[in-house]
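Number of protein chains: 2
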Amino acid sequence: MKNIIIASTSTIHGSGYLDYILDDLTILFKGIKDILFIPYARPSGISHDEYTKIVNTAFSKIDKTATGIHTYENPIEAIKKAKAIFIGGGNTFVLTNQLYKNDLIHTLQAVVKNGTPYLGTSAGSNICGLTINTTNDMPIVYPPSFKALGFVPFNINPHYLDPNKSSKHMGETRETRIKEFHNFNTQPVIGIREGSWLHVKDYSIILKGDLTARVFEYNKVPYEVKPGTELNQLK
Amino acid sequence: MKNIIIASTSTIHGSGYLDYILDDLTILFKGIKDILFIPYARPSGISHDEYTKIVNTAFSKIDKTATGIHTYENPIEAIKKAKAIFIGGGNTFVLTNQLYKNDLIHTLQAVVKNGTPYLGTSAGSNICGLTINTTNDMPIVYPPSFKALGFVPFNINPHYLDPNKSSKHMGETRETRIKEFHNFNTQPVIGIREGSWLHVKDYSIILKGDLTARVFEYNKVPYEVKPGTELNQLK
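The listed protein sequences correspond, in order, to chains A and B. Taking UniProt numbering, I'd label the letters of the first sequence as residues 1 to 235. Taking UniProt numbering, I'd label the letters of the second sequence as residues 1 to 235.
This is chain A alone, in the form it adopts within the complex:
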């Protein structure tokens, strides 16, 4: 019954917030007017109200509205009653911490498994994987656990970046970081480039957008998969 979009980013360079994916959101949110928005990741530290306003500006282009979960007295009940859910980007540690603090993990898992459409971008996509161990974000708060929602049986690396061969910077490349992850963990990791997303529909997981994605499996050489590839065999 799952119906999920796991997007690398909310925004691609030179374009407005969510613009590149609005057509697909019309399909994901078909027949639904109001979407429950979870602004906990707080990009650049903006308030939940300010963040919800940005989402509403984008959603108005496809005749949808967003209501922030922070405006409900009982966030668990808000999730149970939601027709659709969007968790936006920002900081994955802040987001995860807040989901645990409000005891929302199990409720989110239950409703999305039962068919409530879900959109995640960036941090909101990271948490769709098994754990947040492959986030790119700075660990500015200490969440009670790195375990995430597990909507897919692998980990997500959003905003995936290829090594910049002309760089003189000595910090690790993204590929090196994910290889280091596999010294301590065995689940696959999908590096999703900006402009790509995964569409999860029941038992099918398909790469969408124009770009290839990079798959890192334990003890295997990383490889690229093309748009349209079914990824449900990965685990």
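Careful: at least some of the hints might be erroneous.
Which copy is meant is left open, because identical chains are indistinguishable; a pair holds if it fits in one copy or across any two.
With a Cα cut of at most 27 Å, we get these calculated DSSO-like pairs of lysine-lysine [unchecked claim]:
{"#": "1", "residue 1": "K113", "residue 2": "K179"}
{"#": "2", "residue 1": "K220", "residue 2": "K83"}
{"#": "3", "residue 1": "K220", "residue 2": "K147"}
{"#": "4", "residue 1": "K179", "residue 2": "K147"}
{"#": "5", "residue 1": "K179", "residue 2": "K53"}
{"#": "6", "residue 1": "K101", "residue 2": "K147"}
{"#": "7", "residue 1": "K168", "residue 2": "K179"}
{"#": "8", "residue 1": "K168", "residue 2": "K226"}
{"#": "9", "residue 1": "K226", "residue 2": "K81"}
{"#": "10", "residue 1": "K147", "residue 2": "K33"}
{"#": "11", "residue 1": "K179", "residue 2": "K101"}
{"#": "12", "residue 1": "K168", "residue 2": "K208"}
{"#": "13", "residue 1": "K61", "residue 2": "K168"}
{"#": "14", "residue 1": "K30", "residue 2": "K64"}
{"#": "15", "residue 1": "K168", "residue 2": "K53"}
{"#": "16", "residue 1": "K64", "residue 2": "K235"}
{"#": "17", "residue 1": "K2", "residue 2": "K168"}
{"#": "18", "residue 1": "K168", "residue 2": "K83"}
{"#": "19", "residue 1": "K113", "residue 2": "K165"}
By construction, these hints were calculated from the structure, which means they are not laboratory data.
Starting from the known structure of chain A, fit chain B onto it as the hints suggest.
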């Protein structure tokens, strides 16, 4: 009694491991032949033995040797008896996790406070701050705490990078990430560029190397400090 070098990186572009800082290490390790090396951060997942070998190759240029802490039966005793200590780079989460697992935090704090010379590079520098909340690394393991050694009364951001204005990537700049940190934490953060280091000597903390560093104080506009600047008033 403190005598500490907190270096942004072990290696600058186009140069060998530790080469740029060997002259200063000769002074830091004056009169000391063998240095206790803590290889727990495991860059690229290499073994503790392999990592110690790399350090010994560099140290041989200044007639020093490194012995890996993993070769001692009792790591706490090894730290207590060490004439000098070097913690190398790699992954800050892996390093922190291993320090907690082996119960080494308090012993490290005690011996370094009492004058055992300490060299940290990259991850080994991150842990010299109050917490590891400003690391750039991927959180590939979950340590029991983000609290670090607190050799200095602020946080460190090694491998500090200026925003790349020509980039089309939508991930956060380093400056944005540190500003987000200050939405949840109040201690200052020093962004140390590759090739720079802090020299902590008793109560003095001085920026060394050729480059400026970027200081982020809570509720202030970030600013640059020149090499030679005393930073001991920051807290």
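Checked hints:
In this assembly of identical chains, K113 and K179 lie within 27 Å of each other by CA distance neither inside one copy nor across copies; the values are 30 Å within and 36 Å between. Proximity of K220 and K83 under a CA criterion of 27 Å is satisfied in neither setting, with 40 Å inside one chain copy and 42 Å between copies. Taking the shortest alpha-carbon separations for K220 and K147, only the intra-copy value of 24 Å comes in at or below 27 Å, while the best inter-copy value is 35 Å. In the homo-oligomer, the alpha carbons of K179 and K147 lie at most 27 Å apart both inside one protomer (19 Å) and across protomers (26 Å), since each shortest distance falls under that limit.
Taking the shortest alpha-carbon separations for K179 and K53, only the inter-copy value of 21 Å comes in at or below 27 Å, while the best intra-copy value is 38 Å. Taking CA atoms no more than 27 Å apart as the test, K101 paired with K147 passes in both settings, with 14 Å inside one copy and 20 Å between copies. Both within a single protomer and between protomers do K168 and K179 lie at most 27 Å apart by alpha-carbon distance, with minima of 21 Å and 25 Å respectively. For the identical chains of this complex, K168 and K226 are inter-copy neighbours only, at 22 Å across copies versus 31 Å inside a copy, given an alpha-carbon limit of 27 Å.
Taking identical chains as interchangeable, the C-alpha atoms of K226 and K81 are never at most 27 Å apart, the minima being 37 Å within one chain and 56 Å between chains. In this homomeric assembly, K147 and K33 never come within 27 Å of each other (Cα to Cα): the closest approach is 31 Å inside a single copy and 45 Å across copies. Taking the shortest Cα distances, K179 and K101 sit within 27 Å of each other only across copies (23 Å), while inside one copy they are farther apart (31 Å). Within a single copy, K168 and K208 get their C-alpha atoms only as close as 33 Å, which misses the 27 Å cut-off; across copies the closest is 20 Å, which meets it.
In this assembly of identical chains, K61 and K168 lie within 27 Å of each other by CA distance solely across copies; the values are 24 Å between and 42 Å within a copy. Within a single copy, K30 and K64 get their C-alpha atoms as close as 10 Å, which meets the 27 Å cut-off; across copies the closest is 69 Å, which misses it. For the homomeric pair K168 and K53, the shortest alpha-carbon distance between copies (25 Å) is at most 27 Å, but the shortest distance inside one copy (40 Å) is not. In the homo-oligomer, the alpha carbons of K64 and K235 never lie at most 27 Å apart, since the shortest distance is 35 Å inside one protomer and 47 Å across protomers.
For the identical chains of this complex, K2 and K168 are neighbours neither inside a copy (44 Å) nor across copies (33 Å), given an alpha-carbon limit of 27 Å. With identical chains, the CA atoms of K168 and K83 are never at most 27 Å apart, being 49 Å at best within one copy and 34 Å at best between copies. Taking CA atoms no more than 27 Å apart as the test, K113 paired with K165 passes in neither setting, with 42 Å inside one copy and 41 Å between copies.
Checked against the numbered hints above, the structure breaks hints 1, 2, 9, 10, 16, 17, 18, 19 and satisfies the rest.
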